[in-house]
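There are 2 protein chains.
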Amino acid sequence: MKFSFEVTHKVKTSAARRGKFLTPHGVIETPAFMPVGTLATVKGVMPSTLNEIGTQILLSNTYHLYLRPGEDIVAKAGGLHKFMHWAKPILTDSGGFQVFSLGELRKITHDGVYFSSHIDGSKHFFSPEKVMDIENALGADIIMAFDECSNYGCDHDYAFQAMKRTLNWLDRCAVHHKNENQMLFPIIQGNMFKDLRIQSVKETVPYAKCGIAVGGLSVGEPKELMLEMLDELVPYYPENMPRYLMGVGTPDYIIEGVRRGIDMFDCVLPTRVARNGTAMTSQGKVVVRNAIYKEDFSPLDPECDCYTCRNFSKAYLRHLVNCNEILAATLLSIHNIKFLLDLTKNLRNAISEGTFDVFVEEFYKKYYGFKV
Amino acid sequence: MKFSFEVTHKVKTSAARRGKFLTPHGVIETPAFMPVGTLATVKGVMPSTLNEIGTQILLSNTYHLYLRPGEDIVAKAGGLHKFMHWAKPILTDSGGFQVFSLGELRKITHDGVYFSSHIDGSKHFFSPEKVMDIENALGADIIMAFDECSNYGCDHDYAFQAMKRTLNWLDRCAVHHKNENQMLFPIIQGNMFKDLRIQSVKETVPYAKCGIAVGGLSVGEPKELMLEMLDELVPYYPENMPRYLMGVGTPDYIIEGVRRGIDMFDCVLPTRVARNGTAMTSQGKVVVRNAIYKEDFSPLDPECDCYTCRNFSKAYLRHLVNCNEILAATLLSIHNIKFLLDLTKNLRNAISEGTFDVFVEEFYKKYYGFKV
Numbered sequence: 002m003k004f005s006f007e008v009t010h011k012v013k014t015s016a017a018r019r020g021k022f023l024t025p026h027g028v029i030e031t032p033a034f035m036p037v038g039t040l041a042t043v044k045g046v047m048p049s050t051l052n053e054i055g056t057q058i059l060l061s062n063t064y065h066l067y068l069r070p071g072e073d074i075v076a077k078a079g080g081l082h083k084f085m086h087w088a089k090p091i092l093t094d095s096g097g098f099q100v101f102s103l104g105e106l107r108k109i110t111h112d113g114v115y116f117s118s119h120i121d122g123s124k125h126f127f128s129p130e131k132v133m134d135i136e137n138a139l140g141a142d143i144i145m146a147f148d149e150c151s152n153y154g155c156d157h158d159y160a161f162q163a164m165k166r167t168l169n170w171l172d173r174c175a176v177h178h179k180n181e182n183q184m185l186f187p188i189i190q191g192n193m194f195k196d197l198r199i200q201s202v203k204e205t206v207p208y209a210k211c212g213i214a215v216g217g218l219s220v221g222e223p224k225e226l227m228l229e230m231l232d233e234l235v236p237y238y239p240e241n242m243p244r245y246l247m248g249v250g251t252p253d254y255i256i257e258g259v260r261r262g263i264d265m266f267d268c269v270l271p272t273r274v275a276r277n278g279t280a281m282t283s284q285g286k287v288v289v290r291n292a293i294y295k296e297d298f299s300p301l302d303p304e305c306d307c308y309t310c311r312n313f314s315k316a317y318l319r320h321l322v323n324c325n326e327i328l329a330a331t332l333l334s335i336h337n338i339k340f341l342l343d344l345t346k347n348l349r350n351a352i353s354e355g356t357f358d359v360f361v362e363e364f365y366k367k368y369y370g371f372k373v
Numbered sequence: 002m003k004f005s006f007e008v009t010h011k012v013k014t015s016a017a018r019r020g021k022f023l024t025p026h027g028v029i030e031t032p033a034f035m036p037v038g039t040l041a042t043v044k045g046v047m048p049s050t051l052n053e054i055g056t057q058i059l060l061s062n063t064y065h066l067y068l069r070p071g072e073d074i075v076a077k078a079g080g081l082h083k084f085m086h087w088a089k090p091i092l093t094d095s096g097g098f099q100v101f102s103l104g105e106l107r108k109i110t111h112d113g114v115y116f117s118s119h120i121d122g123s124k125h126f127f128s129p130e131k132v133m134d135i136e137n138a139l140g141a142d143i144i145m146a147f148d149e150c151s152n153y154g155c156d157h158d159y160a161f162q163a164m165k166r167t168l169n170w171l172d173r174c175a176v177h178h179k180n181e182n183q184m185l186f187p188i189i190q191g192n193m194f195k196d197l198r199i200q201s202v203k204e205t206v207p208y209a210k211c212g213i214a215v216g217g218l219s220v221g222e223p224k225e226l227m228l229e230m231l232d233e234l235v236p237y238y239p240e241n242m243p244r245y246l247m248g249v250g251t252p253d254y255i256i257e258g259v260r261r262g263i264d265m266f267d268c269v270l271p272t273r274v275a276r277n278g279t280a281m282t283s284q285g286k287v288v289v290r291n292a293i294y295k296e297d298f299s300p301l302d303p304e305c306d307c308y309t310c311r312n313f314s315k316a317y318l319r320h321l322v323n324c325n326e327i328l329a330a331t332l333l334s335i336h337n338i339k340f341l342l343d344l345t346k347n348l349r350n351a352i353s354e355g356t357f358d359v360f361v362e363e364f365y366k367k368y369y370g371f372k373v
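These protein sequences, in sequence, are chains V and R.
Residues are numbered in our numbering as their position in the first sequence, beginning at 1, plus a constant of 1.
Residues are numbered in our numbering as their position in the second sequence, beginning at 1, plus a constant of 1.
In case anyone wonders, no lab produced these hints; they're calculated from the structure.
Errors might be hidden in some of the hints.
Since the list gives no way to pick one copy over another, a pair counts as held whenever it fits inside one copy or between any two copies.
In silico lysine-lysine, DSS-like type, Cα no more than 27 Å apart, as pairs [what the hints assert, rightly or not]:
1. Lys224 x Lys366
2. Lys165 x Lys108
3. Lys295 x Lys89
4. Lys367 x Lys286
5. Lys210 x Lys165
6. Lys286 x Lys83
7. Lys179 x Lys83
8. Lys295 x Lys83
9. Lys131 x Lys179
10. Lys11 x Lys83
11. Lys131 x Lys295
12. Lys131 x Lys89
13. Lys165 x Lys124
14. Lys286 x Lys77
15. Lys11 x Lys195
16. Lys346 x Lys11
17. Lys124 x Lys295
18. Lys11 x Lys367
All of these numbers come straight from a predicted model, not from anything done at the bench.
Based on the provided sequences and hints, a complete structural model is requested.
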């Protein structure tokens, strides 16, 4: 077996757990945060740096790589690992979320989705089989099933149709996918309806071999609603496989996900806010652009030992942000990614040391200025 | 003495020489190429990476740092070395070239130059004394005198006035500059007129303590004319101090400068062309954007051992360039800077090993496809 997952520690007061996920490109300790390298690059950060700061696994996007450079080029390069020079595990999404986000530019049918490229308007079609072919060509360790992520706010009937279609497509993905070096993760949908979420998880679990994902959350709904959905799912997850909450990356959502038994997370947030001049620190958010940092020669985060915090001041970073210097995006991205990697590392340690609840309480107080 | 220069090897067939330039922040082996960090950052490259690829000294721009973040901020940070986290030598230019490039936005008087900021149009005034104050506050090891770089194409009379003004300003810089941790480099001007160049070098040399610069070349004139000007100057340089040819960075100009006794060079070229998707390689220029590299999985430069060439293919770099990914600028800048650093290192070795002419001939054949 090229994939296996073992829960090594559990928390008594919640569903939080620590584990080890073995993949063909190495072990992932969970809970894990996955930085996003949309176009086979984490924006502004060299792979060697990602490795140094403790990145265990990267996520890359099927929709984007299909359009540019094309999965055939990546396959000829020897797969995504070689192409982007990343020797550790990679996960590719299915393009589902991206094509559904295209709005007017796409049309959903039973067979699949017709869509127009956001780059040049060219016409394309994604079916479950086509997506499997693309993900097989890209060659990530973990590949996501093609799903429909219905809009937040749609009615029960539409959410049901989309959930059923996702199950049908999952079946087609499972039939079509043959590469045993790649683990297919099915995706639970059901929008914000408890009955649909429960039906979805029940019908999805049989397809989960070593990993299952929760999609369609953190898409604009109130936080409480997302947590309710996660709460519903807890009793239904298989124990001995990783659970991945898609697109989630704020510290509180990660913590609340872990508390509800989630093992893996991804989000563009750390690099996106970095390019906007914002840092996530142990003292909360720091908007580096602000004039109060003009003569602040202290590091971004006094508790961080990343390259940025060891060597540069807020005043310098503010100067770089103000001048639109590339190095601003690079240095802030390094820090922000490491911040979330460190958060998940600290969560892992707190779980195995039996201090999870204390750690979470302290973190909330420091980061958000409030108690859990 | 905090500064000293020693010529360690000479070439018999030309004025080329190898030397060691001692500064408060370390030794610079010459001939040396200085990457440009305009705003206290070499665009897209981390200082740690610049160090790894063998950068000996960085150049930064007084005009730009005066406007953003302001020399007072840099001084409060403990100087430019601390501010930008660069422990090796730094050279700051005088802002002369930048303010004269402002065209309609500046007015030259005997006292100095009135100019409007290219950022917000605010009014400013640079005098030799003011520039010395700014450069003292920035705290580079080597500081350039405030000079007037007259336009290529101006007449003999104007070039003479500008040259005389440069000498007057040089005298004022020398009187005003007091910090013995910073070496003031005077600048030879005289436009493209041999008599003015000779008068300028003769009257400039008395101000040169441990370093002299040649300004106002490579500003649009034909290469032959620039080389003629450099030829004229050779007999007049003091032997035991470094000579710096300002703003020069193409391989052939560096080589022809070295042949004419130049020890130091700087240019934005390697990073600027990198951001445009072009690489300088041992096989000549590579325009990475070109479609012929779509499926070229070989490295940018088979003879280069930089991070970029060791780990990434032309196909991957082309993909990054096509997608306007930040990493394209970073990876190409790393390679291009190392290319010029390696060129000067190879020139140093060729000089000390007595193979300078052979090396140059081989280089021209490979890089440009022609003999010297």
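Verification of the supplied hints:
no., hint, verdict
1, Lys224 x Lys366, "within (18 Å within a copy, 66 Å between copies)"
2, Lys165 x Lys108, "within (17 Å within a copy, 73 Å between copies)"
3, Lys295 x Lys89, "between (39 Å within a copy, 25 Å between copies)"
4, Lys367 x Lys286, "within (11 Å within a copy, 52 Å between copies)"
5, Lys210 x Lys165, "within (20 Å within a copy, 82 Å between copies)"
6, Lys286 x Lys83, "between (35 Å within a copy, 25 Å between copies)"
7, Lys179 x Lys83, "within (21 Å within a copy, 56 Å between copies)"
8, Lys295 x Lys83, "between (42 Å within a copy, 16 Å between copies)"
9, Lys131 x Lys179, "within (13 Å within a copy, 72 Å between copies)"
10, Lys11 x Lys83, "neither (36 Å within a copy, 46 Å between copies)"
11, Lys131 x Lys295, "between (52 Å within a copy, 23 Å between copies)"
12, Lys131 x Lys89, "within (26 Å within a copy, 54 Å between copies)"
13, Lys165 x Lys124, "within (26 Å within a copy, 67 Å between copies)"
14, Lys286 x Lys77, "between (42 Å within a copy, 25 Å between copies)"
15, Lys11 x Lys195, "within (26 Å within a copy, 83 Å between copies)"
16, Lys346 x Lys11, "within (15 Å within a copy, 58 Å between copies)"
17, Lys124 x Lys295, "between (49 Å within a copy, 22 Å between copies)"
18, Lys11 x Lys367, "within (25 Å within a copy, 63 Å between copies)"
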